[in-house]
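2 protein chains.
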Amino acid sequence: MAPQLDGYFKQVDNLSDHFIERLRKAVAIPSVSADEARRPDVVRMGEFLADELTALGAQVEKRPLGKQPGLEHLELPPVVIARYGNDKKKRTILVYGHYDVQPAGKEDGWATEPFELTIDDKGRMYGRGSTDDKGPVLGWLNAIEAHQKAGVDFPVNLLMCFEGMEEYGSEGLDDFIKEEANKFFADTDAVCISDNYWLGTEKPCLTYGLRGCSYYSIEISGPGQDLHSGVFGGTAQEPMTDLVRILGSLVDTNGKIQIPGLAELVAPLTDDEKALYGDIAFTMDNLHESLGSQTTIHNDKENTLMARWRYPSLSVHGIEGAFSQPGAKTVIPAKVTGKFSIRTVPNMEPEDVDRLVFKYVDEQFKKLGSKNTLRCFLQHAGKWWVASPKHWNFSSAAKAVERVWGVKPDLTREGGSIPVTLTFEQATGKNVLLLPMGSSTDAAHSINEKLDKRNYIEGIKLLGAYLHYVAEEPMVEQ
Amino acid sequence: MAPQLDGYFKQVDNLSDHFIERLRKAVAIPSVSADEARRPDVVRMGEFLADELTALGAQVEKRPLGKQPGLEHLELPPVVIARYGNDKKKRTILVYGHYDVQPAGKEDGWATEPFELTIDDKGRMYGRGSTDDKGPVLGWLNAIEAHQKAGVDFPVNLLMCFEGMEEYGSEGLDDFIKEEANKFFADTDAVCISDNYWLGTEKPCLTYGLRGCSYYSIEISGPGQDLHSGVFGGTAQEPMTDLVRILGSLVDTNGKIQIPGLAELVAPLTDDEKALYGDIAFTMDNLHESLGSQTTIHNDKENTLMARWRYPSLSVHGIEGAFSQPGAKTVIPAKVTGKFSIRTVPNMEPEDVDRLVFKYVDEQFKKLGSKNTLRCFLQHAGKWWVASPKHWNFSSAAKAVERVWGVKPDLTREGGSIPVTLTFEQATGKNVLLLPMGSSTDAAHSINEKLDKRNYIEGIKLLGAYLHYVAEEPMVEQ
Chain V
63 MAPQLDGYFK QVDNLSDHFI ERLRKAVAIP SVSADEARRP DVVRMGEFLA
113 DELTALGAQV EKRPLGKQPG LEHLELPPVV IARYGNDKKK RTILVYGHYD
163 VQPAGKEDGW ATEPFELTID DKGRMYGRGS TDDKGPVLGW LNAIEAHQKA
213 GVDFPVNLLM CFEGMEEYGS EGLDDFIKEE ANKFFADTDA VCISDNYWLG
263 TEKPCLTYGL RGCSYYSIEI SGPGQDLHSG VFGGTAQEPM TDLVRILGSL
313 VDTNGKIQIP GLAELVAPLT DDEKALYGDI AFTMDNLHES LGSQTTIHND
363 KENTLMARWR YPSLSVHGIE GAFSQPGAKT VIPAKVTGKF SIRTVPNMEP
413 EDVDRLVFKY VDEQFKKLGS KNTLRCFLQH AGKWWVASPK HWNFSSAAKA
463 VERVWGVKPD LTREGGSIPV TLTFEQATGK NVLLLPMGSS TDAAHSINEK
513 LDKRNYIEGI KLLGAYLHYV AEEPMVEQ
Chain B
63 MAPQLDGYFK QVDNLSDHFI ERLRKAVAIP SVSADEARRP DVVRMGEFLA
113 DELTALGAQV EKRPLGKQPG LEHLELPPVV IARYGNDKKK RTILVYGHYD
163 VQPAGKEDGW ATEPFELTID DKGRMYGRGS TDDKGPVLGW LNAIEAHQKA
213 GVDFPVNLLM CFEGMEEYGS EGLDDFIKEE ANKFFADTDA VCISDNYWLG
263 TEKPCLTYGL RGCSYYSIEI SGPGQDLHSG VFGGTAQEPM TDLVRILGSL
313 VDTNGKIQIP GLAELVAPLT DDEKALYGDI AFTMDNLHES LGSQTTIHND
363 KENTLMARWR YPSLSVHGIE GAFSQPGAKT VIPAKVTGKF SIRTVPNMEP
413 EDVDRLVFKY VDEQFKKLGS KNTLRCFLQH AGKWWVASPK HWNFSSAAKA
463 VERVWGVKPD LTREGGSIPV TLTFEQATGK NVLLLPMGSS TDAAHSINEK
513 LDKRNYIEGI KLLGAYLHYV AEEPMVEQ
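Keeping their order, the protein sequence lines are chains V and B.
Heads up, the first sequence is in the working numbering, so the first residue is 63 and it goes up one at a time.
Heads up, the second sequence is in the working numbering, so the first residue is 63 and it goes up one at a time.
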């Protein structure tokens with residue numbers, strides 16, 4: 063039975079100015095987690111959230127995370143956790159968001175003051191954090207308030223986890239989530255994260271997969287110090303010569319990874335999955351526009367989306383220790399470190415990837431017959447994540463999208479990683495849904511970040527509607 | 063007939079403290095040409111030289127070179143030119159040196175104050191410029207003074223050309239030399255430059271060849287801006303992938319250049335030349351020590367010296383535009399520029415080298431089938447120089463070495479370039495000799511630069527003796 067949502071929706075519309083004011087207050091707090099001097103503002107933003115939640119009747123705790131690793135004089139901002147509702151007969155949904163933001167300054171090229179919400183005549187609400195992630199975080203608070211003012215019973219128990227260090231690597235959060243999985247988060251039935259974006263600007267999506275990332279260094283050293291190429295060129299084996307040869311053996315221009323065994327780890331494409339790509343609202347023009355060029359590997363949408371979402375890729379990022387300035391320098395660098403990473407997908411186990419990478423790099427180096435010294439090592443690895451989009455968590459969200467936006471959402475994956483997603487899935491053992499509010503043009507980490515008023519207000523309706531469908535959806539998991 | 067040199071030699075020994083004081087005064091003037099704030103000191107150093115030369119009875123001029131290109135508020139330091147003697151019956155020798163020095167500061171790790179000449183108990187005279195090139199420049203002045211005080215007739219007319227911008231690319235000097243070739247330098251019979259070093263520490267050498275250098279950039283661009291490897295990895299052709307493949311195709315670990323046609327430009331090794339290498343005072347241990355490792359291409363002296371002096375080499379210096387910092391960054395750089403250079407030797411014409419390089423890089427890029435854009439261009443080229451070591455200029459110097467040091471000098475070439483050498487040869491049409499004063503351990507551009515007292519004092523004797531042999535040597539050129 064379709065839930066009764068008209069009263070709630072109407073109330074959201076009535077309260078829209080109030081909700082925008084709430085966002086304005088939040089954007090005005092420059093909670094930049096990467097800037098040590100802004101740490102008090104990050105803490106203040108956490109307090110703002112906690113106060114608003116308390117005023118709405120939630121049970122709120124500000125949990126300390128201790129000192130910041132490497133900056134021990136600095137206290138990490140607290141995780142704000144909250145519970146709204148504690149009815150054993152209702153499902154319990156755990157939502158995550160973050161209240162810190164990326165750095166921003168007028169001098170970077172912003173057209174408006176980054177910490178003053180500025181709304182233009184097309185309803186674009188400019189301000190740092192508007193879409194990443196203050197708008198979505200406030201979306202949950204607004205949904206609670208609209209239910210209260212509309213006199214509509216809140217359909218689920220809502221657990222909230224809002225951190226203040228997401229833009230700086232979520233310091234300390236993983237351990238916290240694991241620890242609370244059987245405590246504060248113990249009765250979680252499913253998880254919902256609103257911290258990503260639509261694939262385009264018109265069609266909402268639900269995101270069920272993210273690629274992982276294994277980041278490697280290849281260090282090659284020989285001489286005791288940097289050398290002059292006039293004096294030593296022709297007499298010394300040069301580490302750069304070896305390094306560019308190895309880096310050049312990793313992947314070809316069309317993205318084909320040359321490391322044997324890697325492709326065999328990738329889960330085969332099923333007919334079911336293949337059928338999904340055709341309908342996705344995405345065109346090659348979208349890609350050309352975001353790329354700023356026509357230099358794509360594939361010429362069609364399906365292969366492009368699969369290459370981004372469900373196949374691995376390898377990128378060479380750069381070289382440390384070599385000459386990297388403009389101009390000319392006749393140096394033979396003594397020690398150079400090439401950096402590359404592999405975006406990983408099901409079913410590539412990070413340990414298997416490491417093993418194949420180390421073996422291949424070692425073989426390539428041996429082929430060179432070099433007297434230099436090779437060291438290849440993993441800098442960091444984050445695993446891919448793929449959820450079942452047939453879970454009731456997703457079908458609830460899909461119905462909510464159809465109700466609010468009048469269209470079936472695209473089921474998407476993303477090429478990048480949001481590590482906390484996997485952490486929640488592993489710690490709670492429950493299905494995790496990524497339910498974005500903003501669109502592809504929101505410029506999350508760039509200048510002129512914005513959230514469209516429409517995405518914010520309809521997004522609040524969507525979050526509430528999702529919870530209503532969650533309450534009604536049969537407990538069928540696939 | 064061997065010239066009478068005992069009186070001169072004895073006078074040099076008698077005046078040695080005075081000559082060291084002269085060097086102390088010169089080192090005390092921090093004439094750092096690369097440091098704008100030190101420009102008045104560079105000018106002061108030029109005046110010091112001019113005053114000393116005038117006091118010795120030379121005809122001296124300080125020639126302005128105009129504004130410094132790119133720093134138009136800055137006047138270039140003058141070229142100090144001088145003539146000592148104007149006897150038509152004598153030969154005229156043009157000598158070159160420079161009175162500016164490399165930057166130096168105690169904070170760089172100097173054990174002593176860099177601009178205070180500090181002599182240790184082994185007679186090592188530490189100070190910036192002691193060996194590069196104030197010691198050798200003052201050597202000529204000291205030779206004049208010792209002749210005067212010994213009452214020995216100066217055997218030649220001496221033309222001097224001392225510049226103040228050598229450590230900053232000899233701004234303006236080339237044009238000056240070309241212009242004066244038929245004026246102030248018109249009666250030059252041969253040129254002598256004392257601005258390089260012995261191959262080792264015990265055996266003097268005469269240097270008759272230098273490699274040239276052609277420096278290239280390979281720029282590859284594609285996307286409109288740097289991309290996130292999570293979002294775009296697998297969908298965009300990455301300029302770095304193309305670049306490392308091309309850089310990896312240029313040369314192998316053992317220094318073999320892969321560019322077809324290049325080896326064919328190299329002058330074949332004659333039996334005469336081959337015979338020279340065996341006697342050179344140089345061991346693989348010397349190379350290992352200066353290299354700081356055992357990572358050599360060749361395992362024997364002869365092939366190592368030939369690889370350094372008479373064969374081309376190719377070094378990859380680095381990449382501009384890619385990630386070059388410590389740590390990890392998941393960037394796909396939009397535009398990357400690889401830098402490499404080729405050390406050139408007879409008979410490689412720079413234009414031929416360019417043509418072969420451009421053709422090869424273009425072919426390698428075409429093989430990749432990339433949609434990215436390639437631009438390969440020459441940054442700068444300096445030609446190799448090789449003089450005839452059988453010219454009377456060299457045989458005079460060889461006899462002088464044997465007289466002063468009691469040993470036949472090694473005939474050496476160098477892997478690096480001293481561009482002014484070729485300029486003097488081309489402008490005057492005369493034989494140019496490189497006659498070093500200091501040894502391989504002098505650390506010219508490093509911290510703790512020094513000149514051994516022995517090399518300085520015996521070097522003064524050598525410069526004077528060379529001029530006496532020049533006066534007696536028959537005019538036979540081969």
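A few of these clues could be false.
Note that the list lumps identical chains together, so a pair holds whenever it fits in one copy or between two copies.
To be verified - Listed next, the in silico PhoX-like pairs over lysine-lysine satisfying Cα-Cα at most 20 Å (straight line):
1. Lys-445 / Lys-124
2. Lys-184 / Lys-151
3. Lys-265 / Lys-470
4. Lys-72 / Lys-318
5. Lys-515 / Lys-363
6. Lys-245 / Lys-124
7. Lys-452 / Lys-184
8. Lys-152 / Lys-245
9. Lys-318 / Lys-129
10. Lys-129 / Lys-152
11. Lys-72 / Lys-470
12. Lys-168 / Lys-265
Because the hints were derived from the structure by calculation, they are not lab data.
Only a predicted model underlies this, so the values are computations on that prediction, with no experimental measurement involved.
Status of each hint after checking the structure:
1. When the C-alpha separation of Lys-445 and Lys-124 is checked against a cutoff of 20 Å, the pair qualifies neither within a copy, at 29 Å, nor between copies, at 71 Å.
2. Proximity of Lys-184 and Lys-151 under a CA criterion of 20 Å is satisfied in neither setting, with 43 Å inside one chain copy and 92 Å between copies.
3. Proximity of Lys-265 to Lys-470 under the C-alpha cut-off of 20 Å is restricted to the intra-copy arrangement: shortest distance 8 Å within a copy versus 86 Å between copies.
4. For the identical chains of this complex, Lys-72 and Lys-318 are neighbours neither inside a copy (52 Å) nor across copies (76 Å), given an alpha-carbon limit of 20 Å.
5. With identical chains, the CA atoms of Lys-515 and Lys-363 are never at most 20 Å apart, being 30 Å at best within one copy and 76 Å at best between copies.
6. For a Cα distance limit of 20 Å, the shortest separation of Lys-245 from Lys-124 inside one copy, 15 Å, qualifies, whereas the shortest one across copies, 86 Å, does not.
7. For a Cα distance limit of 20 Å, the shortest separation of Lys-452 from Lys-184 qualifies neither inside one copy, at 36 Å, nor across copies, at 84 Å.
8. Taking CA atoms no more than 20 Å apart as the test, Lys-152 paired with Lys-245 passes inside one copy only; the shortest distance there is 18 Å, against 102 Å between copies.
9. In this assembly of identical chains, the alpha carbons of Lys-318 and Lys-129 never lie at most 20 Å apart, being 43 Å within a copy and 54 Å across copies at closest.
10. Proximity of Lys-129 and Lys-152 under a CA criterion of 20 Å is satisfied in neither setting, with 37 Å inside one chain copy and 83 Å between copies.
11. For a Cα distance limit of 20 Å, the shortest separation of Lys-72 from Lys-470 qualifies neither inside one copy, at 22 Å, nor across copies, at 103 Å.
12. Taking identical chains as interchangeable, the C-alpha atoms of Lys-168 and Lys-265 are never at most 20 Å apart, the minima being 32 Å within one chain and 65 Å between chains.
Of the numbered hints listed earlier, those contradicted by the structure are 1, 2, 4, 5, 7, 9, 10, 11, 12.
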